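Which chain is which? The protein sequence lines are A and B, in order. The first sequence begins at 197 in this note's numbering and counts up by one. The second sequence begins at -6 in this note's numbering and counts up by one.
Careful, some of the hints might be misleading.
[Said to hold, decoys possible] Listed next, the stretches of chain B that the computed footprint assigns to chain A, with coverage defined by at least 3 CB atoms under 8 Å from CB atoms of chain A:
hint: 1; segment: 26 to 35
hint: 2; segment: 197 to 203
hint: 3; segment: 232 to 244
hint: 4; segment: 277 to 287
[Said to hold, decoys possible] In silico lysine-lysine, DSBU-like type, Cα no more than 30 Å apart, as pairs:
hint: 5; chain 1: B; residue 1: 115; chain 2: B; residue 2: 97
hint: 6; chain 1: B; residue 1: 44; chain 2: B; residue 2: 14
hint: 7; chain 1: B; residue 1: 455; chain 2: A; residue 2: 310
hint: 8; chain 1: A; residue 1: 302; chain 2: B; residue 2: 477
hint: 9; chain 1: A; residue 1: 276; chain 2: B; residue 2: 455
hint: 10; chain 1: B; residue 1: 159; chain 2: B; residue 2: 183
hint: 11; chain 1: B; residue 1: 309; chain 2: A; residue 2: 257
hint: 12; chain 1: A; residue 1: 302; chain 2: B; residue 2: 464
hint: 13; chain 1: A; residue 1: 302; chain 2: B; residue 2: 472
hint: 14; chain 1: A; residue 1: 346; chain 2: B; residue 2: 97
hint: 15; chain 1: A; residue 1: 214; chain 2: A; residue 2: 255
hint: 16; chain 1: B; residue 1: 455; chain 2: A; residue 2: 255
hint: 17; chain 1: B; residue 1: 143; chain 2: B; residue 2: 5
hint: 18; chain 1: A; residue 1: 346; chain 2: B; residue 2: 359
hint: 19; chain 1: A; residue 1: 310; chain 2: A; residue 2: 276
hint: 20; chain 1: B; residue 1: 11; chain 2: B; residue 2: 44
hint: 21; chain 1: B; residue 1: 250; chain 2: A; residue 2: 255
hint: 22; chain 1: A; residue 1: 276; chain 2: B; residue 2: 464
hint: 23; chain 1: B; residue 1: 68; chain 2: B; residue 2: 97
hint: 24; chain 1: B; residue 1: 68; chain 2: A; residue 2: 346
hint: 25; chain 1: A; residue 1: 362; chain 2: A; residue 2: 302
hint: 26; chain 1: B; residue 1: 472; chain 2: A; residue 2: 310
hint: 27; chain 1: A; residue 1: 257; chain 2: B; residue 2: 246
hint: 28; chain 1: B; residue 1: 246; chain 2: B; residue 2: 11
hint: 29; chain 1: B; residue 1: 11; chain 2: B; residue 2: 48
[Stated by the list, open to error] Here are a few chain A residues that sit away from chain B, every Cβ distance over 10 Å (derived from the structure):
hint: 30; residue: 217
hint: 31; residue: 224
hint: 32; residue: 241
hint: 33; residue: 351
hint: 34; residue: 355
Hints were generated in silico from the structure; no laboratory data involved. Just so you know, these numbers come straight off a predicted model, no measurement behind them. Beta carbons: idealized from backbone N, C-alpha and C, even for Gly.
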Amino acid sequence: MSRVESKSTHPSGDNRFKLLDRAITKHNATGNALIEVLHAAQGIFGYLENDLLIYIAHKLKLPLSRVYGVATFYHFFRLKPNGKHAFVLCTGTACYVKGAGAIQQKLEHHCNVKFGETTPDKNISLISARCVGSCGLAPVAVLDNAVVGKLTPETALQRVKQWEEKSEEVPS
Amino acid sequence: MTLEDLNELAEKELERQKNFKNRLLYCSAAGCVSCGSNATRDAFKKSLKEKGLDKEVEVLGTGCMGLCGEGPLVKVGSDDTLYQRVDENAAARIVDEHLLNANKVAENLINPDDPFFASQMKIVLENCGKINAESIEEYIAAGGYQALAKALTEMSQDEVIDEVRKSGLRGRGGAGYPTGLKWGIVRKAKGDQKYVICNADEGDPGAFMDRSVLEGDPHRILEGMALAGYAVGASQGYIYVRAEYPMAIERLKLAIKHAERLGLLGNRIFESQFNFRIDLRIGAGAFVCGEETALIRSIEGRRGRPRPRPPYPSEKGLFGAPTLLNNVETYANIAPIINRGSAWFASIGTPKSTGTKVFALAGKIKNTGLIEVPMGIPLRKIIFDIGGGTPEGTEFKAAQTGGPSGGCIPNDHLDIPVDYESLATVGSIMGSGGMIVMDSESRMVDVAKYFMEFCADESCGKCVPCRVGTKHIYLLLDKISNGKATQDDIALLEELCVMVKETSLCGLGQSAPNPVLSTLRFFRHEYEELLKPALHFEQSEKSR
Chain A
197 MSRVESKSTH PSGDNRFKLL DRAITKHNAT GNALIEVLHA AQGIFGYLEN DLLIYIAHKL
257 KLPLSRVYGV ATFYHFFRLK PNGKHAFVLC TGTACYVKGA GAIQQKLEHH CNVKFGETTP
317 DKNISLISAR CVGSCGLAPV AVLDNAVVGK LTPETALQRV KQWEEKSEEV PS
Chain B
-6 MTLEDLNELA EKELERQKNF KNRLLYCSAA GCVSCGSNAT RDAFKKSLKE KGLDKEVEVL
54 GTGCMGLCGE GPLVKVGSDD TLYQRVDENA AARIVDEHLL NANKVAENLI NPDDPFFASQ
114 MKIVLENCGK INAESIEEYI AAGGYQALAK ALTEMSQDEV IDEVRKSGLR GRGGAGYPTG
174 LKWGIVRKAK GDQKYVICNA DEGDPGAFMD RSVLEGDPHR ILEGMALAGY AVGASQGYIY
234 VRAEYPMAIE RLKLAIKHAE RLGLLGNRIF ESQFNFRIDL RIGAGAFVCG EETALIRSIE
294 GRRGRPRPRP PYPSEKGLFG APTLLNNVET YANIAPIINR GSAWFASIGT PKSTGTKVFA
354 LAGKIKNTGL IEVPMGIPLR KIIFDIGGGT PEGTEFKAAQ TGGPSGGCIP NDHLDIPVDY
414 ESLATVGSIM GSGGMIVMDS ESRMVDVAKY FMEFCADESC GKCVPCRVGT KHIYLLLDKI
474 SNGKATQDDI ALLEELCVMV KETSLCGLGQ SAPNPVLSTL RFFRHEYEEL LKPALHFEQS
534 EKSR
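Given only the sequences and the hints, what does the whole structure look like? Please build it.
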């Protein structure tokens, strides 16, 4: 067993699979730990692509249908990569009452994509969240992991424009 | 670890705290962090160092202090002077004026006699905003783990259950099932292995009570769960917490590690025969997982789909074993009940709804934040005294409790007492504690539509009434709000609501129509104003 583990764990030679294997071993490679393993995999790879799901199914000795079923059931798991920046708008009740809808419209209009999508240049993802639990500061958004409260359509747009300018500065 | 060791630890910690002349507490809960409380902390540390006070003043991050809308909040000194909106400049001023010259900084001062604080009563939140959430020693110094020690050394399992039953505590997750009764059933259930689960999957949009408790006083939950484990005979506990709460997850992990190190979790706790471990399970964003059977499935690593009950989880739950499932706030009440006795707890609130309830006040209200009030307090008092009413120039219209499963309570009914039964009489529910205030700008049809969109999206799809019904209710509401509906559509809407309510499998579907039914009951005119005039037969013929 240990001999197998010390070798490269994935034919691609991608070292990230070693991290994933460690997480799987930590949970004794049981099917009960599927959600924990998917969390770990998304943390390591950023999103869950099909090959990764096949790999996990194999490791946990589960049918792929169950792995795919769980990955698609929960909102938190992403099957597609996010853009460089993520604008996660809270659509909870408090934010709704305080006008998150107007922010949503403004950003969708500006970026020309709907919430749940990424701009074609893969720079900005618009994501809607159920409730981030900072209702006292509604309307709230999580911009690249930083919670920003008391937004207006204008300040939200300003933030997005800043991201756009940054990506223009560094031509890829 | 024995009781003597515990007391010694507490004394040592109190001794350590005495070495500092002053304590400076800043709120490090999610709300204040997003207002920049980390920058405030750094400013304090820098300023204290400059003035040479860094050895005399201890700077600590605590849990939620309540008034989330006015953050970052800071508490200074032995009299707990509370400051609001403390930015970096204000931090420097507080050091200069308050700590050096004992003059309070009037600009940022919060009046402690403000009704926001005066009308509250804190049991669940008593440590939140007072102790460092990341230090087990501080929790022990504040009387933590005394209840566990008492139960394990002096009380039998049945005595613990009896105490909880006599306290009259009811489940704080929303349904209000008597906690002691539930514990008794799990205790009596046959099985070598039993489980204790804490439901921290706070899915209601607009609710953040559990998050604040987990972030501000995580050990309280661990202690409550250990007490439950002892009472029902379980040796393993799980906390199912939302992935959306990264800070709560971090603090829980730390708390479990600290408790294990001191032997307050693990084998032979307080040198008794009782072994108890707690593991975290991270949710992945599914509202339906707040339902107990769905939550159990999710812990088992499956799709979170509910199953019919009975058998109830108390008989057949996690991995088929008897399982005790309670909400965060319920567990937070256990240690105080064991410490101070059931009679004390039962004397608070109303005879049928004892104790206190934590609410998350948000929406169109002046003081947004976290409050804890005794059960039975009039709703009006919460909204106008504690909450300060709606902002200038707008008029109160309705208070929404219970999230997508609850209802809207209009002005006429504001004098009802807040307890499980009274809220049900006006078509709402206690829920887990989210309270959203709406003013004259909010259109009630759109509010109902918003909740129905949520429920339709979150329906797991297992049973037809919920999967199809919620979608069609949503489409009808959409038709109404776009002015394309007739009186017949309202009749259809009502019929559909009753059908979904009565035939759905789990709580999600059974309560999904509540926001529609309650807005129809109190704000029917708003629906009718949006109807298009009914066409007479001749007119409709002509228009062809």
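Comparing the hints with the structure gives:
| no. | hint | result |
| --- | --- | --- |
| 1 | 26 to 35 | holds (count 3) |
| 2 | 197 to 203 | holds (count 5) |
| 3 | 232 to 244 | holds (count 3) |
| 4 | 277 to 287 | holds (count 4) |
| 5 | B:115 / B:97 | holds (26 Å) |
| 6 | B:44 / B:14 | holds (14 Å) |
| 7 | B:455 / A:310 | holds (28 Å) |
| 8 | A:302 / B:477 | holds (26 Å) |
| 9 | A:276 / B:455 | holds (26 Å) |
| 10 | B:159 / B:183 | holds (24 Å) |
| 11 | B:309 / A:257 | holds (26 Å) |
| 12 | A:302 / B:464 | holds (26 Å) |
| 13 | A:302 / B:472 | holds (24 Å) |
| 14 | A:346 / B:97 | holds (28 Å) |
| 15 | A:214 / A:255 | holds (12 Å) |
| 16 | B:455 / A:255 | holds (29 Å) |
| 17 | B:143 / B:5 | holds (20 Å) |
| 18 | A:346 / B:359 | holds (14 Å) |
| 19 | A:310 / A:276 | holds (15 Å) |
| 20 | B:11 / B:44 | holds (21 Å) |
| 21 | B:250 / A:255 | holds (29 Å) |
| 22 | A:276 / B:464 | holds (26 Å) |
| 23 | B:68 / B:97 | holds (12 Å) |
| 24 | B:68 / A:346 | holds (23 Å) |
| 25 | A:362 / A:302 | holds (20 Å) |
| 26 | B:472 / A:310 | holds (22 Å) |
| 27 | A:257 / B:246 | holds (28 Å) |
| 28 | B:246 / B:11 | holds (29 Å) |
| 29 | B:11 / B:48 | holds (12 Å) |
| 30 | 217 | holds (18 Å) |
| 31 | 224 | holds (12 Å) |
| 32 | 241 | holds (16 Å) |
| 33 | 351 | holds (14 Å) |
| 34 | 355 | holds (14 Å) |
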